[in-house]
Amino acid sequence: EPEVTQTPSHQVTQMGQEVILRCVPISNHLYFYWYRQILGQKVEFLVSFYNNEISEKSEIFDDQFSVERPDGSNFTLKIRSTKLEDSAMYFCASGGETQYFGPGTRLLVL
Amino acid sequence: AQSVTQPDIHITVSEGASLELRCNYSYGATPYLFWYVQSPGQGLQLLLKYFSGDTLVQGIKGFEAEFKRSQSSFNLRKPSVHWSDAAEYFCAVYGLGKLVFGAGTILRVKS
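Sequences listed follow chains A and B, in order.
Each residue of the first sequence is one higher than the one before, counting from 26 in the numbering used here.
Each residue of the second sequence is one higher than the one before, counting from -7 in the numbering used here.
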């Protein structure tokens, strides 16, 4: 059964550093998403991506964040200059109305 | 804007007992509703979804949910809980291109 994969599973970084989180969506899906879950809080939408451009983004998704589909299989989330409050579990999803989630990347910013 | 409320933060049930997890939503149009489950350290697994039609939907692992428009609810049920069902359960509504999640309900199963 096809599934969404994410790498790395854990990432520790210093405040101010850039991080790139990687995702491989399900191959025939056209919509891709990033969500995050800060410890103890709700899962929050960050951004959706379709046809090589952002289709929706939340208020959280400011200029420090960017997404890219660099090739036919990967979908990445870049945080340019990490802050302590970026520490969270980041989930990639693909699909449409029905979204299938990856296992997440736990990001810890020190 | 859409929103989801899960009133119960924690629920504890005995193994073999029945389960109902509550979910209330707010959305202006016909909602697309989902239940996901998250085991510790794992991602979000889709349990079931409601788009239209029969208001009682069946999902994986023996779960079902009933859509009640008059109550704006989409409660998740299971007739007999297994220890492996211990996890966190999230209700979500799709609208405006994104999923909006509830805060989750942590299910504990006691033997």
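Simulated from the structure, these hints should not be mistaken for laboratory data.
Backbone N, C-alpha and C define an ideal beta-carbon position, used for all residues, glycine too.
Don't take each hint at face value.
Some residues of chain A that are not near chain B, with every Cβ distance over 10 Å (derived) [what the hints assert, rightly or not]: (1) VAL29; (2) VAL68; (3) GLU81; (4) ASP88; (5) ALA118.
DSS-like mimics (lysine-lysine), calculated; alpha carbons at most 30 Å apart, straight line [unchecked claim]: (6) LYS102/B / LYS82/A; (7) LYS67/A / LYS108/A; (8) LYS108/A / LYS82/A; (9) LYS60/B / LYS103/A.
We went through each hint and held it up to the structure:
no.	hint	in the structure
1	VAL29	violated, 8 Å
2	VAL68	violated, 4 Å
3	GLU81	violated, 4 Å
4	ASP88	holds, 20 Å
5	ALA118	violated, 8 Å
6	LYS102/B / LYS82/A	violated, 41 Å
7	LYS67/A / LYS108/A	holds, 19 Å
8	LYS108/A / LYS82/A	holds, 19 Å
9	LYS60/B / LYS103/A	violated, 41 Å
This entry does not satisfy hints 1, 2, 3, 5, 6 and 9, going by the numbered hints stated previously.
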